[in-house]
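Chain B: place on chain A using the hints.
These protein sequence lines are chains A and B, in that order. Number 192 in my numbering belongs to position 192 of the first sequence; there are no gaps in the numbering. Every number in my numbering is 1000 more than the matching position in the second sequence, counting from 1.
What the hints contain is simulated information worked out from the structure, not anything from laboratory work. Fair warning: there could be bad hints in the mix.
Here are the simulated BS3-like pairs of lysine-lysine, each with C-alpha atoms no more than 30 Å apart in a straight line [to be verified]:
#1 A:K146 with B:K1084
#2 B:K1019 with B:K1351
#3 A:K329 with A:K85
#4 B:K1079 with A:K146
#5 A:K134 with B:K1351
#6 B:K1112 with B:K1018
#7 B:K1421 with A:K18
#8 A:K123 with A:K134
#9 B:K1421 with A:K398
#10 B:K1182 with A:K24
2 protein chains.
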Amino acid sequence: MTRIVIIGGGFAGLAAAKKFANDKRFQVTLIDRQNHHLFQPLLYQVATASLSAVEIARSLRSIFDNSRNVSVLLESVTKINPQKKEITTDQTTHSYDYLILATGARTSYFGKDHWAEHTLGLKTLEDSRRIRQKVLNSLELAESSKDPTEQKRLMTVAIVGGGPTGVELAGAFSDLLRRALKTDYRRIDVHKFRIILIQSGERLLKHFDPQHSQYTLERLQELGVEVILGPRVDEVEKGRLHLNDDRWIEAETIIWAAGVAACPLTQTIDCPRDRGGRIEVTPSLSIPGHPHIFAAGDLANLTDHDGQQVPGLAPAATQMGKHVAKVIKEDLRLQKTRYADRFTEFRPAFKYRDKGIMAIIGKNAAVAQTNKFKLQGFFAWLAWLFIHIAFLVGFRNKLAVLLSWAFSYLFDKPAARVFSKTKSPK
Amino acid sequence: MTRIVIIGGGFAGLAAAKKFANDKRFQVTLIDRQNHHLFQPLLYQVATASLSAVEIARSLRSIFDNSRNVSVLLESVTKINPQKKEITTDQTTHSYDYLILATGARTSYFGKDHWAEHTLGLKTLEDSRRIRQKVLNSLELAESSKDPTEQKRLMTVAIVGGGPTGVELAGAFSDLLRRALKTDYRRIDVHKFRIILIQSGERLLKHFDPQHSQYTLERLQELGVEVILGPRVDEVEKGRLHLNDDRWIEAETIIWAAGVAACPLTQTIDCPRDRGGRIEVTPSLSIPGHPHIFAAGDLANLTDHDGQQVPGLAPAATQMGKHVAKVIKEDLRLQKTRYADRFTEFRPAFKYRDKGIMAIIGKNAAVAQTNKFKLQGFFAWLAWLFIHIAFLVGFRNKLAVLLSWAFSYLFDKPAARVFSKTKSPK
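Isolated chain A (complex conformation) (with noise of 0.2 Å):
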């Protein structure tokens, strides 16, 4: 049997791992530092009180309950060691044939690691709750202050990035802010929350269409939010940070949804990297210099010979997920030929194929964009919901999100405005 070693339980690793579940010439090993696979679209629905963690993720466990050629370990993957074809986690080694990396992408602050500290990235499901538990927190703490500087500061929701990410936060928090917790607090006015988004570029969203930048920021505006473009984050501290056009924003809760970089486990093998450290793969998506070694996800850098660059979203992860299964399979069939030991000329290239982009902005507005068409609005915002729900893993998730919305919209009252309140939140 050919062992199949695959870290990372995200879009790509998970693709990866069905493509062999069930096939007996292969024998899986799954592992994560995290016992589920994470639905990260929808993340930020759980940082705002739209859903509850557990709707968007569903243990690797339980996707794998009926093959029994799949293991899932709950390990924290430490070394890669390709001449003895092992790696080592927290907890023990496993040796592979294959070993596939799809360990995704982490926050990056570009440098300033310390800003880390002062702001809350959206990665995981842990920092979604962080950021849903120091937002009520916050009004909270400014529901019981009696210093209007102080309560002005902790009504503020900075969010740095203008990315999908960061309008999709500040399309739900002003939906939260100022429509479902509009009747809630009896002291502090609503219409003084304030959500600002800063990006450092001229537009929104700048992998979309030029008008899809311009209708998203004229949406975001009429939901409230504030929107600065151009200037740049250059200092940031405890409630508190400065752009470079020189000027202080003070802000309770600072988001930061700037900058993604991949997760440091590459730089345990030696191998080509791009300034965000992600691994520079061959067409085929393995690790130059080490054939059976792959790269799949957002820890891939890769322009396809179309000249088109993979971008950092789920459905080309998905994809590299699969086309690493394949090239291995096709590896297979060939050592019983006479090309066995000339394998890597025959793999196949990863041909990713654009199924275009989208990005919520609020209730019945967003933008999507394919090679073909274009979409704003009430058609493109229903797009979304349909397209999200049927990617989402496992019909009870499916079923209980689409609960969620539908009471949601149709009543304002997002469920999920709960938190515990342990110790005091960063």
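For chain B alone, coordinates are given in the frame of chain A:
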């Protein structure tokens, strides 16, 4: 306007606040350390991964969003000053005309507070999350471990206390570990999971009919739970506990469901208390010597004039909360009569209306009894489900819980098998 301050948003505090809501004679301040009302009777299902935290909790603000005379504050009360009629919190001070204490109970270790470090209680959402995380993580460690003795310890859950909470936890863990997770693991054998329920008395559910205790014992044993009746826990260390019949039980997870005591805030006022710290209230639920302070719910110790000790149950707490509101309204009415200065004499006595008690053991098995009849088995189970759905706060929550239960029942696959591994849990 009469200023009412209510400390605690559990069943008693919520019931009282609802009685004052939208009554313009009153200005109500409801203070809690958490931002949500928690439906504690279902808390064990969050611990055992059947329900998600959000499904059994509801933001206190959202309950009173249409009651302008009710202010909800997330503060922690540190001191009560009956002379000045004010309370001090971590934020500020609040004056009252009437004060209602409804802070409930917390886990009690009968004076051995250091046992708290090695065991998990079940009183808050955070507690239930911690239990879920601990148990699911232990299984992951067992799956990764190569030491059989260590595996055995990791696969053992010990529950101390054979009351309804202990019984419900034991039954639900058996369901989770032996049925729902049966195809999840590759290396460990699910038949080796041990669930040990320790009850120092001679029968489980001592407040129930002996026939029900026997039925419960038999059902739990059928489910594979090891029930230990008789010996008392006399020492707890990390990962093991000692019984006074001189044996050690090794268990990675030790859950303490053996005792509760009143929250320590009651110690800041001068009044008679029982051994568990509960206030020995007057028949009208006021605190002896403090006619403007009431205690309701698990905090109050009362034997009503039928000689019945009021139990620490949700229905009793709700009835007490309503009664306090009634007494205060009666006081106000008397103020306009010539009996104004003799108002305490006219206060109605609280009378507990016993609607019965029930406990669930597992799928299709529960026990229920009232003064008039006893019920066990499938119909008791059905009654349990209906009553718990009916009393859940919020239509949204009812529907979500119903959906979760339907899925678990039909597919044996509880949805909430998800936890965040941030650091090693205790």
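Consistency of the hints with the structure:
Distance check on the hinted pair: K146 (chain A) and K1084 (chain B) sit about 21 Å apart at the alpha-carbon level, within 30 Å; holds. Straight-line distance between C-alpha atoms of K1019 (chain B) and K1351 (chain B) comes to about 18 Å, which keeps the hinted pair within the 30 Å bound. Under the criterion of a C-alpha separation no larger than 30 Å, the hint pairing K329 (chain A) with K85 (chain A) is consistent with the structure, at around 19 Å. Restraint check for K1079 (chain B) and K146 (chain A): satisfied, since their Cα atoms lie roughly 20 Å apart, inside the 30 Å limit.
A distance of roughly 43 Å separates the Cα atoms of K134 (chain A) and K1351 (chain B); the hinted pair therefore is violated under the 30 Å criterion. Simply put, K1112 (chain B) and K1018 (chain B) have alpha-carbon atoms about 38 Å apart, too far for the 30 Å limit, and the pair is violated. Between K1421 (chain B) and K18 (chain A), the direct Cα distance comes to roughly 24 Å. Compliance with the 30 Å bound is thereby established for this hinted pair. Pair hint K123 (chain A) plus K134 (chain A) holds up; C-alpha atoms about 16 Å apart against a cutoff of 30 Å.
A distance of roughly 24 Å separates the Cα atoms of K1421 (chain B) and K398 (chain A); the hinted pair therefore holds under the 30 Å criterion. Under the criterion of a C-alpha separation no larger than 30 Å, the hint pairing K1182 (chain B) with K24 (chain A) is consistent with the structure, at around 21 Å.
In this structure, the earlier hints numbered 5, 6 are contradicted, and the remaining ones agree with it.
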